[in-house]
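Colleague: Model the full assembly from the supplied sequences, consistent with the hints where possible.
Numbering (our numbering), first residue to last: 1 to 157.
Hints were generated in silico from the structure; no laboratory data involved.
For every residue, glycine included, the Cβ atom is placed at its ideal position computed from N, Cα and C.
Hints are not guaranteed to be accurate.
With a straight-line cut-off of 16 angstroms between C-alpha atoms, the simulated EDC-like cross-links for lysine to aspartate or glutamate are [said to hold, decoys possible]:
id, residue 1, residue 2
1, 105, 129
2, 105, 94
3, 85, 68
4, 100, 134
5, 11, 61
6, 100, 154
7, 105, 75
8, 101, 154
9, 11, 23
10, 11, 121
11, 11, 45
12, 105, 154
13, 131, 121
14, 58, 2
15, 85, 109
16, 100, 117
17, 11, 68
18, 100, 129
19, 131, 106
20, 85, 117
21, 58, 106
22, 28, 57
23, 131, 154
24, 11, 118
25, 11, 60
26, 101, 117
27, 101, 121
For each label pair, taking beta carbons as the anchor points, the in silico distance ranges come out as [unchecked claim]:
id, residue 1, residue 2, range
28, 57, 128, 35 to 43 angstroms
29, 37, 86, 34 to 42 angstroms
30, 4, 157, 36 to 44 angstroms
31, 152, 9, 48 to 56 angstroms
32, 147, 25, 34 to 42 angstroms
33, 111, 152, 37 to 45 angstroms
34, 134, 39, 12 to 20 angstroms
35, 151, 16, 37 to 45 angstroms
36, 4, 84, 23 to 31 angstroms
37, 44, 8, 14 to 22 angstroms
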Amino acid sequence: MEISGVRRNSKILIDGALYNVVEAEFTKPGKGRSVYRLRLQNLRDGGVIDRTYRSGEKVEEASMSTQEEQYLYHEGNQYYFMNTKTFDQHPLSEDLLGMKKNFLKEGMEVVMLMMGDEAIDVTLPITMDFKVIETEISTKTATITPQMKSSIVETGY
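Modeller: Next comes the structure, spelled out in structure tokens:
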């Protein structure tokens, strides 16, 4: 794939490692060839690197697939999901999930991003229902304008 086709959230392979494009910036200096600056996040260990490519260079695009999965449970720093068609289970590390782990409920349907047989990332549903278990006490003077307050939902976040 040409470097000009790389966009934010594209998945590319560099030296056999899978990266997600966090930022993609195009620069055309007054003299010389245009330059593409990419900020890449390693999808296996979470490390971030910056790379610069000249116009016309090629990068290897990762072949990815998606499948419907159901969140089962977590043990240690591994979160387990099950394919709803084949009943295969796929672990995903806490590092790869990031903040998404705070919004997982048992039995929740998600979309799993796969590279071959390896689980890479999970996409949560657009809307989710949570039970609020705790909120801050609101002040009595806040009766005219609506006020926001922090709350804790059933997942503990």
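Colleague: Compare the structure with each hint and give your call.
Modeller: Status of the hints after comparison with the structure:
no.	hint	verdict
1	105 - 129	holds, 10 angstroms
2	105 - 94	holds, 15 angstroms
3	85 - 68	holds, 8 angstroms
4	100 - 134	violated, 20 angstroms
5	11 - 61	holds, 6 angstroms
6	100 - 154	holds, 14 angstroms
7	105 - 75	holds, 14 angstroms
8	101 - 154	holds, 13 angstroms
9	11 - 23	holds, 12 angstroms
10	11 - 121	holds, 11 angstroms
11	11 - 45	holds, 15 angstroms
12	105 - 154	holds, 9 angstroms
13	131 - 121	violated, 26 angstroms
14	58 - 2	holds, 4 angstroms
15	85 - 109	holds, 12 angstroms
16	100 - 117	violated, 21 angstroms
17	11 - 68	violated, 20 angstroms
18	100 - 129	holds, 15 angstroms
19	131 - 106	holds, 14 angstroms
20	85 - 117	holds, 15 angstroms
21	58 - 106	violated, 42 angstroms
22	28 - 57	holds, 15 angstroms
23	131 - 154	holds, 5 angstroms
24	11 - 118	holds, 14 angstroms
25	11 - 60	holds, 9 angstroms
26	101 - 117	violated, 21 angstroms
27	101 - 121	holds, 11 angstroms
28	57 - 128: 35 to 43 angstroms	holds, 41 angstroms
29	37 - 86: 34 to 42 angstroms	holds, 41 angstroms
30	4 - 157: 36 to 44 angstroms	holds, 40 angstroms
31	152 - 9: 48 to 56 angstroms	violated, 30 angstroms
32	147 - 25: 34 to 42 angstroms	holds, 39 angstroms
33	111 - 152: 37 to 45 angstroms	violated, 27 angstroms
34	134 - 39: 12 to 20 angstroms	violated, 37 angstroms
35	151 - 16: 37 to 45 angstroms	holds, 44 angstroms
36	4 - 84: 23 to 31 angstroms	violated, 38 angstroms
37	44 - 8: 14 to 22 angstroms	holds, 20 angstroms
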